[in-house]
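Two chains, two frames, some hints: make the complex.
Chains as they are written, first to last, in numbering that gives the first Met the number 0: chain A, 0 to 200; chain B, 0 to 43.
Rather than coming from a laboratory, the hints here were simulated on the basis of the structure. Hints are all accurate, no fakes.
From the structure, some residues in chain A lie toward chain B, with a derived Cβ separation under 10 angstroms:
(1) 65
(2) 68
(3) 159
(4) 167
(5) 173
(6) 191
Cβ coordinates follow ideal geometry from the N, Cα and C atoms, glycine included.
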Amino acid sequence: MSEALPVDAVTLRDEVRAKYRDVAVNPRGTFHFHTGRALARRLGYNEDLVARMPESAIEAFAGVGNPFSQGSLNAGERVVDLGSGGGFDCFVAAEQVGPEGRVVGVDMTDEMLQRSRTAATAMGLGTVEFRKGIIEDLPVENDWADVVISNGVINLCADKKRVLNEVIRVLRPGGRLQFADIATGKVVPEAAVRNIDLWTD
Amino acid sequence: MLEESGFVDIDIGPPVDTFGGAGGEGKARLFEVFGYAFLARKPR
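In isolation and in its complexed conformation, chain B is listed as follows (with noise of 0.2 angstroms):
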């Protein structure tokens, strides 16, 4: 989608476990659901 919309030199972070030990940890890990950090350029 960022690709889609215009954007270059796309880079995508590791992997973050954001909801270890929250109440959300269950469907977290039901779907794999990780924090990632995106990196993305606006052509010039």
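Chain A with its partners taken away, still in its complex shape (with noise of 0.2 angstroms):
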């Protein structure tokens, strides 16, 4: 039997999508969060690297934390992205893997795809692949990955068994799963857990 989620699944998801809608048409408005190429410089990503990356593809950066942190990846793996946004960690994470690694970035968001397919071309990233979906139900093959990153994503899903159990289902046997999120070190109380306004204001 699975467990009752704390908010309604779908409600939720469609709130995020309005949420990164916004970012993705108007990356300079103003959010409750910190966006683009400032954003990466505050979060440790390497610098020369956020200087030298074209402003359409990071200025709808709303990264939490830094995946790469954890280390960088290696040549020639394959990766996804859950939740890719603009498609910066993409960028990134092409930038490591090299031409002979590949990267799904995967997202539900229409403006988002169009904005991080457009980054790729204008890039002339033939190894980054943006698909239409959701994190809950990858469209990405069993045992295809040797890497799952994502930033900020999975605290925005309601189901995150169901994110961690595709997780496990698309990475083949001794993958990596690195990715940031954000957590609290307090208690939150469960009036403010099933207020669905809270999980994206």
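As structure tokens, then:
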């Protein structure tokens, strides 16, 4: 029997999609989080890499940490990015895995997919592909990935166990999950956990 | 939850002040919210 979720998964997904549609369309807007190149610097991404990333590839970045601080990816590795957004982490991954590697970004928001695909084309990155989907049901075959990355996305899913089960499914045996996300140092009251607006604001 | 899902060799990096200076800083401070980098491995 599955556990009851704290909020309705579909409603939360709709709210998250609306929020990140705004980021995709107006990345210089005012949000409750930082965005873009200044955020990447704040989170400790490689300064040279951040400096030479085209604005179109980084301006909608809205991560919460740096998954690559847990180790650079290896040449030739196959990577899946959960909630790839504007594509910034996929482009970082593509540089690290090189021409023999592959990167698949998965996102549910059309405006983000359009943004990331346009940036990848402009950068001439043939090793990166963006697929539409939700991370609770990844459009990736079993045991395909050497590494799964993600940045500030899993916390926005009501059913985290389902997400992690999907990660296990798409990772090869011995593969790794490197992700950044937020965590609280205090117990969040039950009423706040069930307030769906607090998940995205 | 990572362990429950079958991951091993779990590591958590140091906290990052993700929301400092942003609009969400107040709520982040209230609940001590920080960003972290996680590493976990699927068993062989």
